[in-house]
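Asker: Sequence:
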Amino acid sequence: FDSLPVWENVAFGLIQGKGMKRKDARDIAIDKLRAVGLGARVVELLPAELSGGMQKRVGLARAIASNPEIIFFDEPTT
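Residues 1364 to 1441 in the working numbering are what the sequence shown spells out, letter by letter.
Think of the hints as simulated: they come from the structure by calculation, not from any bench.
Because the structure is a prediction, the values reported are computed rather than measured.
Hints should not be assumed to be uniformly reliable.
[What the hints assert, rightly or not] Result set (EDC-like, lysine to aspartate or glutamate): computed pairs, CA atoms no more than 16 Å apart in a straight line:
| # | residue 1 | residue 2 |
| --- | --- | --- |
| 1 | 1419 | 1438 |
| 2 | 1419 | 1437 |
| 3 | 1386 | 1371 |
| 4 | 1384 | 1371 |
| 5 | 1381 | 1371 |
| 6 | 1419 | 1365 |
| 7 | 1386 | 1407 |
Work out the full structure, taking the sequences as your base and the hints as a guide.
Answerer: Pasting the structure below:
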């Protein structure tokens, strides 16, 4: 979502899908961003302010935010 900061993009499913409180979801988003090599420095940036590689890592952080059991990737180099 281009109009949402990075942390809200990562936490979107937690807030909208699971009804989690925004503060708790933000904390999880920051933790997942750290897990993919992005720190708290990017949480307030918009997606357009990130490099292509950083955008992909944000997408991965969003995918792992809810601690899924399985993740399917559609690219062999992922």
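Asker: Take the hints in turn and mark each one as holding or not.
Answerer: Evaluated hints:
About 12 Å separates the Cα atoms of residue 1419 and residue 1438, which keeps this hinted pair within 16 Å; it holds. Note on residue 1419 and residue 1437: the hinted pairing holds, with a Cα-Cα distance of about 13 Å set against a maximum of 16 Å. A threshold of 16 Å between alpha carbons decides the hint, and for residue 1386 with residue 1371 the separation of about 11 Å falls inside it, so the pair holds. Proximity of residue 1384 to residue 1371 is assessed by CA-CA distance (about 12 Å); at most 16 Å being required, the pair is judged to hold.
Annotation: proposed proximity of residue 1381 to residue 1371 holds, straight-line Cα distance about 14 Å (limit 16 Å). Simply put, residue 1419 and residue 1365 have alpha-carbon atoms about 14 Å apart, close enough for the 16 Å limit, and the pair holds. Using a Cα cut-off of 16 Å, the hinted pair residue 1386 and residue 1407 holds, with the two alpha carbons roughly 14 Å apart.
The structure fails none of the hints (numbered hints given earlier).
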